[in-house]
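Student: Take a look at the letters that make up each chain.
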Amino acid sequence: MTASTETTPHSVLAVALTGVVLAGISHPAVATGIAALLGEPARRPLDVMRLLDLALRHLILAGTGLALVAILGIGLGILVTRRSAAAWRPVVDALAAGAQAVPPVVVVALALPVLGFGGPPTLLALVAYGIMPVLRGTVGGLEGVAADIREAGTAIGLTRFQVLHRIELPLAAPAIVETLRTALVLAIATAAVGALAGAATLGTPIVAGLQNQNTVPMLQGAAATAALAFLADAALLAVTARWRATRP
Amino acid sequence: MTAGTGLSARIQPGLAPGWRYLAALTWGVGLWFALTQLPLLSVAANRLVLGRPVFGPEALGGAGSVILAAGFVGLAPLVRGGRRIALVAVAALVVALLMLADGLGAGAGRSLAGLAPAARAGLGAGSWLTLALLAGGLGFAIRRARLPRLGLAVGAGLGLAVIALGRAGRLDALSLAVEYAARRETVAAAIREHLVLAGAALVVALIGAVLLSLWRRGQGLIAGLLGGIQVVPAVALLGGLVALTAGLLRALPVLRDLGLSALGAVPAIVAIAAYLLLPLWRGLALALRSPDAATLEAAEALGHSPAQILAGIRLPLGAPIMVGALRVAAVQSLGLATLGALVGAGGLGRIVFDGMAQFAPDLILLGAIPVVALSLGAEIGLSRLERAARRRWHA
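Chains as they are written, first to last, in the numbering used here: chain S, 1 to 248; chain W, 1 to 395.
Quick caveat, the hints were computed from the structure, so don't treat them as lab data.
Predicted model only: the values in this text are computed from it and were never measured.
In this text, a Cβ means the ideal position worked out from N, Cα and C, and glycines have one as well.
Hints may be right or wrong, so weigh each one.
From the structure, some residues in chain W lie toward chain S, with a derived Cβ separation under 10 Å [what the hints assert, rightly or not]:
id : residue
1  : Trp19
2  : Ala164
3  : Gly166
4  : Gly169
5  : Gln230
6  : Gly264
7  : Ala265
From the derived model, a few chain S residues whose C-beta atoms are all more than 12 Å from chain W [stated by the list, open to error]:
id : residue
8  : Ile71
9  : His165
10 : Pro170
11 : Arg181
12 : Trp243
Part of the chain S face toward chain W, derived, beta carbon under 10 Å [what the hints assert, rightly or not]:
id : residue
13 : Trp88
14 : Thr182
15 : Gly203
Turn these sequences into a full structure, and let the hints guide you.
Tutor: Structure follows, in structure tokens:
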């Protein structure tokens, strides 16, 4: 998602710091302070426990969605790049373009009558919207592996599975991880949209605040949701930076 | 299956026969299941209560078996190649889709006969699955036919045919049509608002992207900043913007006289534009850098001024990249505009949210279908333009 693909400790720190500052803004005392500064009466700010509870629920929903997206997206990406399934590529590409045309809000809304209020429609929207970027990224990464490297693997007697496991996946890993970051950001954003379908996430105070013109919880929810997105992004960046450092 | 190496197999795709038969079998069984075992319609006493499921023969009459047969003909390209077979399949699937629309309209009319005027006949799971399978099969057959513009022609033809069916009153009994008839003006107004929101955001972001790319020294900072905006969830950005604007207006009431308000189109346009800055700014930078150094030196040697180089070389050579960025931004803008209704900016999101609040699936669809149609239209139209630009300047 961010423009630079190389991950320096510097950029991880900047992303994490942004997250911490935003988390600070979401604290009831700070948020009421900002509101008071702007002359807004402090009405019913969310306390820290409630914010943490919502953040945890948000994280669980987004995490479950991300796990499903990663399994399905990477799995399908591996499948469609196999030689025997090459004819499915156009179908998958068309589906990918089509799925991007349906925004997450619309998926949540459409799933609502079928799946009812709460988490399930949000989870469906998460998977429907997140799967295609991961699938595309996986396919792009695997196709970026030069054919002669793959053939060299076959030539030294590796089985097809070994070629995939020892050559293709390690070489495609950076591209796949990059798309997982995109998917993570999407997952946190979609979980926030899920508040519209009644899922209890950090989007809930925003939606409720917009409905009854209550600025302080709205500001808290907005800052906390953004903080969660930045902190999760920083965590994924840090993990991959370590992981890359330990690999040849 | 081609016997070549991995690369040649990828260039000339062939599907192993086992997979093809499995896919055909799954698709066929799915169609049979949708048409006979799942409810095609759901008939309820009014729009809010749960409906009574109506299954195949009762809903579609004799048309059901014809649709199933035509669907099986449409499977042919999966099993056998060849353009003629693909074209026959396209024709069969078009017939099946039109018969489905007409049959469901007529079936809804029959199911509602003798019921109170508030009774509704909505589409059931079977109808949606049938629609998805037939449309998927049609897409596959069109690809297999390998005729330029066939997809566009078939799509436009189907659209017109469904509109004609609607005009002729054949679909009037379906609850989606009832909702539409009751809100014709609202839907038209919402589409207009949606386009204005998305368009205004696109224009604002385009101006912003041009201004940002002029600040040469700050490009690293801009990259970080715009990347950071992408991380912020849209709901949070909208909420934060409204909260801060509301506070700002309270602190500086003068701004209110200038027409600024915390709720409405302005915060929505600002928030949407913020997300479009990254693709547009990046596209602009890539587009301006697209001619290689030798071309630029040659132009300079010929005595072209920087303005001439920009207009005559950089912009034409970068046009495909710029149109590509515009396509990404336009699709994003149309999708994000749906969230604008959250802050009172109107648009199709308002219909969607009304439907969610009333738990009325048809109302949700009434808002969702135009959103998806507009996004797909922008995607298809601009990607055609992108290809045309590429052919024009990169032949």
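Student: Compare the structure with each hint and give your call.
Tutor: Hints versus structure:
1. Trp19: Result: holds, 6 Å to nearest chain S Cβ.
2. Ala164: 25 Å, violated
3. Gly166: With a minimum Cβ separation of about 21 Å from chain S (threshold 10 Å), the hint on Gly166 (chain W) is violated.
4. Gly169: 26 Å, violated
5. Gln230: 5 Å, holds
6. Gly264: Cβ of Gly264 (chain W) sits 12 Å from chain S, so the hint is violated.
7. Ala265: 15 Å, violated
8. Ile71: 21 Å, holds
9. His165: Per Cβ check, His165 (chain S) is outside 12 Å of chain W; nearest 16 Å; holds.
10. Pro170: The claim holds: Pro170 (chain S) sits with its nearest Cβ about 17 Å from chain W, beyond 12 Å.
11. Arg181: 9 Å, violated
12. Trp243: Non-interface label on Trp243 (chain S) holds, nearest chain W Cβ at 21 Å vs cutoff 12 Å.
13. Trp88: With a closest approach of 7 Å, the Trp88 (chain S) hint holds.
14. Thr182: Result: holds, 9 Å to nearest chain W Cβ.
15. Gly203: 5 Å, holds
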